[in-house]
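Visitor: These protein sequence lines map, in sequence, to chains X and A. All the letters of the first sequence, read from the start, carry residue numbers 48 to 767 under my numbering. All the letters of the second sequence, read from the start, carry residue numbers 3 to 384 under my numbering.
It should be emphasised that the hints constitute simulated quantities derived from the structure, not laboratory data. Built from N, CA and C at the ideal position, the CB exists for glycine as well. Errors might be hidden in some of the hints.
[To be verified] Computed cross-link-like contacts, DSBU-like style, restricted to lysine-lysine with a CA-CA straight-line distance of at most 30 Å:
#1 X/K328 <-> A/K382
#2 A/K290 <-> X/K236
#3 X/K97 <-> X/K328
#4 X/K97 <-> A/K290
#5 A/K382 <-> A/K290
#6 X/K295 <-> X/K97
[Claimed, not checked] Chain A side only, calculated, beta carbon under 8 Å to chain X, not exhaustive:
#7 R40
#8 P64
#9 T68
#10 F71
#11 D101
#12 G113
#13 H117
#14 D334
#15 L339
#16 V340
#17 L348
#18 K349
#19 L377
#20 L384
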Amino acid sequence: MRINTIELENFGCLRDQRFELSPGLNVVKGPNEAGKSTLQAAILTAFFAKPDTSDQEVLARRSWGTEERFRLRLDLTTPEGPLRLEKDFQARTARLEGPTQGAVLADVNAVQAALETDLGLRGQPLFQSTACFPQEQIANIERGRDQIAALLEQQVTGTGDAGRAEEALRDLGEAIRKLSVGLHDTEPKRPGPIRRLRDEVAHLGQELAEAEASLGSAEGARQSLGLATSEAEALQRDLAVKRSLLEKARQRAELERDLSEATERRDALAHRFEQVDQLRKQREQAAQRAQQMSRIAEDGPGALTRIAELEAAAKEREDEADREQEELQLAEEAEASAPPPIPIFNPITIVGLVLVALAAVGGFLVHSAIWAGALPGLALTLWGLVKAQNAPKVDYVQLKAEAAKRIHAAQQAAQQNRANATALLADLGCKTARELQQKIGEAHEAWQKDRQLRDRIRGLLHDETHRKLEADFKQARLERQDLEDRLADPELEGTELSPEQQEALRQEIARAESRLAELQQQAQDSRDGIVRAGVDPEQVSALRERLSAAQERLQAHERRLAVYTSARDAIAQARGETLRQATDVLAPRLGELLAPLTGGRYSRVGVDERTLAMDVWSEQKGDSIPVGVGSGARRQRMAQAEMSSGTRGQVFLAARLALVDLIWPDQRPPLLLDDPLVSFDPQRRQAAIAILKQYARGGQVILFTCSDAYDSAADSLIQL
Amino acid sequence: MRPVRILHTADVHLGASAAAFGERAQAHRQQLRATFQRLVEEALQGYDLLVIAGDLFDSPRPAQRTVDFVAAQLRGLGEASPPVHAAILPGTHDRLGGDSVYERGELDSVGPHLHLMAQPGPQRVDLPHLGLALHGTPCAAATSETNPLAGLPLAGDDALDLGLAHASVGAVGAMGDETWRIPPGAIAESGLCYLALGHWHAFGDHSEGATTAYYSGAPEPLALDQRGAGSAAAVTINQQDQVSVEQLQIGQLRVEQVDIDLAQYPDQAAIADKLRSLADEHLVLDAKLHGLGRPDRPVDADQLQEELQGAFFRLHLRDESHVALDAIAERDYPEELVIGRFVRKLKRAITEAEAAGDQEARRRAEEALQIGVALLQGRKVL
């Protein structure tokens, strides 16, 4: 492909220019700042920049003093025919017209794709590093030996700025080194982040394991505590039952003993009480009898004396009566011989009294005058009385009456005495004195019996009262009843244990108490274990979270390390493969080009596939001479000493041309050279021009220079 | 006696170790405590009853200091005049099991105003001074087919029946688990005036028939997908026994998700700027990098995470992006060049890892590709 014409509008200092180029070697000549670089940039922009780009570096190429963007138009010749390329950065459009397209391409991307693919421009990086030869890169060989290797690598591999692959490898290596510091040391002094995180993860892992173990231990202790507590509670319940049973059995036994004693006491008291009661009844009878006999006892002896006296008096009276009887008999005998006495109620007095009575009645009933008739009656009565009164004084009747009266009185007195004696006896319940005498004896006996009973009762009461005994008896009975009731309590039901059973129960309780003590100790140990554990679930969670976070950070760093390592390895491999392929082709072609450039002095070039360091075989020396690229100060010193800067420039020119052959074996793009031969001697410059002429044949070489040295060789000379 | 004001919460999960919070899990636990304290303080603002419908603790045997903290907070309710009663139903996390915090009696000393529904099976707590009877079936296992509303001993007198349940609502499989479940229609048939639900972490109305039923939601999110968390339910039963429920924002943390399509951002700095624009100390941000990244613009998610973590309560940055392999025009990377060979090698490695299903190797190769390309183009990315 070649450029026939190029038109520029508003592009840098070439504001509105049109240039015509010819096939072969085109020399664009002009002084500094005449626009050579601008024209070169215009060609590159036309080839590779998209009109719709926002790249300020591209857009900044517009002419000064205008806001309008630039337009570029190129007429091209390709194997398929002529083409017209137009890129309007103001309108952001691109057009490509030509027979190979069949029609106009107006899409920016389609135009760019056609340029780079169909027309073989490949891409700007590759083009710029091979087909585009900036002068300063040749000059750089002189100025910066340290960058030679990188520059050559850039030239060969097309990575834009110098040494990017190597720089990338260096940057990645440094990043990997920083991440990996201390990874393989036992105790690194300043560990890198991964080592620090691994140590942190290990430490946290251990801490977490210990905390989990502690928590597990605490949980185990808690479970043990739970089990011990449960068993202890069950045991305590069982113990409580057994203790209760034993206590009830003891209470029952005690109650039974108390009941037995209470029964005995009650029975004893009952016996005494019955005895006393019986004695009291006997004494009551005895006392009653004594009481009954008390008059006899008290009055009996006196009465007996009195009765004797009465009997004696009665006897005396009876004797008196007997004497009076004898007197009476004498009086009767005298009376029998004396006249009878006139009585008071003689017929006269009786008639007088009747008359009085009749007069009184008649006075009341008939007439009060009748009462006067009473007077005769009264007189008769008086008369009768006087007559009787005046009768003779020896009154045998009276005598007899008196005698009889005395007899009677004596008899009466005797009878009275006897009656009194009888009454006395009767009063004392006796009929006879003998009976009285007997009863007096009986009364004495009754009194004696009462005393005996009293003494016996006193003996039974033991200085107590009967009431007290009765109260005691009732109390004993109540107490016993209470004991019976308590024994009958349902709580005590089934608590009858034999002493052997009680002993067995005591042993069971002792064993349970021993076990309970063990469990309480276990519970205390568990509590101590929980306290000793000193961690809770949240602390473990926090540790787990810290570990997880550290693991995440570690994972991120390790991932980053893996990413860097992958990138580094891939870049290293790509670089190695690229260089290997390049050097396989590059080395012989480079030798073919270098021989004419050096007048046949150097024709064999070796290229290190790893470093791209070149060695030129010197027939004169019989050894390889380093070109001055590659690593190592010694190599550079050797190169500086053994090869001129011009020769090294020729090596690099040969290398670039060899790369062009390598990359564009068929369709070669125009080669853009920015005065690369300034360090060549005239002979080798001519040789170089001859080689460039060869490359221009069938294609196009555009050489930008401020020198006249190329004028004669130029197929077209453009003066700026 | 009425109206009665009830503060309903659930799923506090005190002591939880939330893996999603990573290094901030400890801070998250402290936040849970602070939020529970706020709940108690809220309950002291004129409420008659605080009900906790399960999972107050994250485990049956929480740390002693957490139990002590809860006891101290609940004790404060009893010191109010009149005391604010509290009822706690064990949930699936702090379930009964013989040795749970509720069965060990560690909250027994709080006071008579605390009602632990910690007996296995349906149970009832009478609060005559409020005219309420509380009902609930505590969880005794992590999973169960038991309907927790079955067999509740309703009051049948003037007292209003209020239920607590820690369960899912709906048909089996509705939420993809087989845990404690209230079947469809059971709420309507329960006869309860109000059913305080727990287990689901988002506030939600599940009333059926005459029964008002709500999930209070967890007071704070426990995972990155719990955007509905952060609330409690303020329940009022008026003198006509009508129930009204109001969502009460109680939590401080909020969860948001953001998807960052790498195609929309030119480089890592732009992504950092985007994330920085969302910065909030109470925000749990689940950020996902996705889409196709440029092969020459590596984005280091780990570095972004490290750089921006402090601007959020928790930044969880997931990198699910891939390199836009299709965007790698081989003409831009000729095979003859190192970069061309490098790109091809890594593309091959990516393709092989993808074919092998090794996502980690794929991602590693993608990052290596991006870093390598950037370095080979002369950009400082390390």
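Visitor: Any hints from earlier that this structure breaks? Give me their numbers in increasing order, please.
Guide: 1, 2, 3, 4, 6, 7, 10, 12, 13, 18
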